[in-house]
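Protein sequence lines, in the order shown, are assigned to chains A and B. First residue of the first sequence? That's 0 in numbering that gives the first Met the number 0, and the numbers climb one at a time after it. First residue of the second sequence? That's 0 in numbering that gives the first Met the number 0, and the numbers climb one at a time after it.
For the record, the hints were derived by calculation from the structure and aren't laboratory data. Be careful, since some hints might not be right.
You can't tell identical chains apart in this list, so a pair holds if it fits in one copy or across any two.
Said to hold, decoys possible - Straight-line C-alpha distance at most 30 Å; calculated DSSO-like pairs for lysine-lysine: (1) K4 with K103; (2) K225 with K113; (3) K151 with K225; (4) K103 with K246; (5) K151 with K113; (6) K4 with K320; (7) K320 with K246; (8) K53 with K246.
Since the model is a prediction, treat every value here as computed from it, not as a measurement.
Listed below are the residues making up each chain.
Protein chains: 2
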Amino acid sequence: MKEVKAPKGTYRFLEDKGDFQQLVDRYDNFLFDCDGVLWFGTDVFPGVISVLQKLRKLNKQVLFVTNNASKSRRDLLDRFESMGVQAAEREVFSSAYASALYLKEVLQFPKDRKVFVVGMSGLEHELDAVGIQHIGGTVGDSLTQDPEQNLKITGTDFSPLLEPGVFDDSVAAVMCGIDTDMNYVKMAKAFRYLTRQNATEEVKSGEKGGGCHFLCTNQDSTFPSKSGSWPGAGSVWAGIQESTGRKPTVIGKPNQPMLDTVFAGYSFDRSRTLMVGDRLNTDIAFGAHGGLDTLLVLSGISQEAEILQEGAAVVPTYVTKSLGELDVLDP
Amino acid sequence: MKEVKAPKGTYRFLEDKGDFQQLVDRYDNFLFDCDGVLWFGTDVFPGVISVLQKLRKLNKQVLFVTNNASKSRRDLLDRFESMGVQAAEREVFSSAYASALYLKEVLQFPKDRKVFVVGMSGLEHELDAVGIQHIGGTVGDSLTQDPEQNLKITGTDFSPLLEPGVFDDSVAAVMCGIDTDMNYVKMAKAFRYLTRQNATEEVKSGEKGGGCHFLCTNQDSTFPSKSGSWPGAGSVWAGIQESTGRKPTVIGKPNQPMLDTVFAGYSFDRSRTLMVGDRLNTDIAFGAHGGLDTLLVLSGISQEAEILQEGAAVVPTYVTKSLGELDVLDP
Chain A
0 MKEVKAPKGT
10 YRFLEDKGDF
20 QQLVDRYDNF
30 LFDCDGVLWF
40 GTDVFPGVIS
50 VLQKLRKLNK
60 QVLFVTNNAS
70 KSRRDLLDRF
80 ESMGVQAAER
90 EVFSSAYASA
100 LYLKEVLQFP
110 KDRKVFVVGM
120 SGLEHELDAV
130 GIQHIGGTVG
140 DSLTQDPEQN
150 LKITGTDFSP
160 LLEPGVFDDS
170 VAAVMCGIDT
180 DMNYVKMAKA
190 FRYLTRQNAT
200 EEVKSGEKGG
210 GCHFLCTNQD
220 STFPSKSGSW
230 PGAGSVWAGI
240 QESTGRKPTV
250 IGKPNQPMLD
260 TVFAGYSFDR
270 SRTLMVGDRL
280 NTDIAFGAHG
290 GLDTLLVLSG
300 ISQEAEILQE
310 GAAVVPTYVT
320 KSLGELDVLD
330 P
Chain B
0 MKEVKAPKGT
10 YRFLEDKGDF
20 QQLVDRYDNF
30 LFDCDGVLWF
40 GTDVFPGVIS
50 VLQKLRKLNK
60 QVLFVTNNAS
70 KSRRDLLDRF
80 ESMGVQAAER
90 EVFSSAYASA
100 LYLKEVLQFP
110 KDRKVFVVGM
120 SGLEHELDAV
130 GIQHIGGTVG
140 DSLTQDPEQN
150 LKITGTDFSP
160 LLEPGVFDDS
170 VAAVMCGIDT
180 DMNYVKMAKA
190 FRYLTRQNAT
200 EEVKSGEKGG
210 GCHFLCTNQD
220 STFPSKSGSW
230 PGAGSVWAGI
240 QESTGRKPTV
250 IGKPNQPMLD
260 TVFAGYSFDR
270 SRTLMVGDRL
280 NTDIAFGAHG
290 GLDTLLVLSG
300 ISQEAEILQE
310 GAAVVPTYVT
320 KSLGELDVLD
330 P
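Isolated chain A (complex conformation) (with noise of 0.2 Å):
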């Protein structure tokens, strides 16, 4: 195991099946980043199912956390399947499901209450799911709340804006993730949502938090896909937190509510634990601050140079080629 010093600590870099068993001794459970870690766009990774299935075969509790929003863990289930990939829905955490749980365990959102969400339908499954009330979304801007008929701005006349309905009182939270069909009114009415002065006294109060919180699944600035980048969630809800200067509460990596959920599902010993990932502000962090061992792959953004820099956030535990590398240990 090679010991390489950086600015902010050092690393063990793994390359033969030596470090490879020492790695798989070590620990327990294996959380895995999908995008750059497993797969990329629909190519999964050489090696990479070859090793998953020998840590299930070493009894090791396998699972993937993924800041990936725009859809719900079953459709994600169906991504896992198409490229091979074994997984149940128990194992797979994503930030939209997080989202959804923080609001239920963390916020104790009130039944009658209602989230406005700027987000894809996986983010509503997830809603659906832990049976919280949500419109917006994919559901339309309209008073009909028929897509088609999308409430319309002409100019800077805002007065379709202020028609009676378009704004629901028993809204108290605005919940934003990536939305490849964000525009200026679902922006507009989170910024009147957020900084209304009128909210009922019993929204105000509310539980927990007054007024109407504000809540993002992740804060990825683009959203990696076949065909490159794209804006990503952080870019979706940017105007949002400009126009209402409030800094939302974000859920994803490396956020801790995400791993917070895991710890509600999972009882593990953290210095068992392995964070896997190819980001280093996000998955390397996100493990780093949440008091877990971390592996670096150079598989996906972050290359080993990204650490050696004097300005790097925060320093892996290990750091490896790839995920495949470690098919060299016994089937």
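For this one, chain A is given, so just place chain B on it according to the hints.
Just chain B now, with coordinates in the frame of chain A:
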């Protein structure tokens, strides 16, 4: 003239006829912000029309400097007229006009290149007026340039954006302003123009600045209207900044390109020019950074307490209750 000490300096509070007489004797040129100074929504403040007439009678040069880029100068003049405020086209400076001039004069934007607009007709008209080609804006995102057939992304299938013709190789600048029809596709297109690696060599090298310029009319986070505030230009482009990691050149107040436009049209003596506005961090900062004396009117956003705060950004030269106060001057 009452002198008031603030943490960052001293200002004079103007309240009687003698104070105002000294003020008009001291300056030849008066630059006015509009919203919150002349009017609010469609209501002209009492005394304002008379004060402007008196200044003109005294042969003072009167100019209007607004960050509102939703309208062209022609449209703005219609608004002035409808409110009974006398103004000529050459007296009106908007951030849309300043942006078009900046492209033409400062960047010497090539005639065979195009600007991708995230903005409204006012901005498009000003680009037309200086002979700069543009796409996007109100023209629609579709290949047919028909806003009714706008390109649409379903889920996270970005393939419609990959159709040939969606991106125009001759785009060499992205210009953003307030856009009440902002949407994800516009953000995604701006993102790609601003991050593309495959710009033609000619665009990359450019006459001035390589790749693709990123310009914004103004950075106001909210847009004032009769029905209260709504997200402003700064909120519309926040997501583009977040996704690209690029900081735009911002033209409007408090930035100096806007003032450069005024001084390109008029050879004023800066020491005889007064900027009048209602916002400390835009209007007053704008004037102060440009070496002008400033008058804060308390009829709009900023109240006196803001100047007296420890963290105040700037101190105006003068403060008065409202522009209408000057109506005590002799006719």
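What hint numbers does the structure not satisfy? Those not satisfied are hints 1, 7 and 8.
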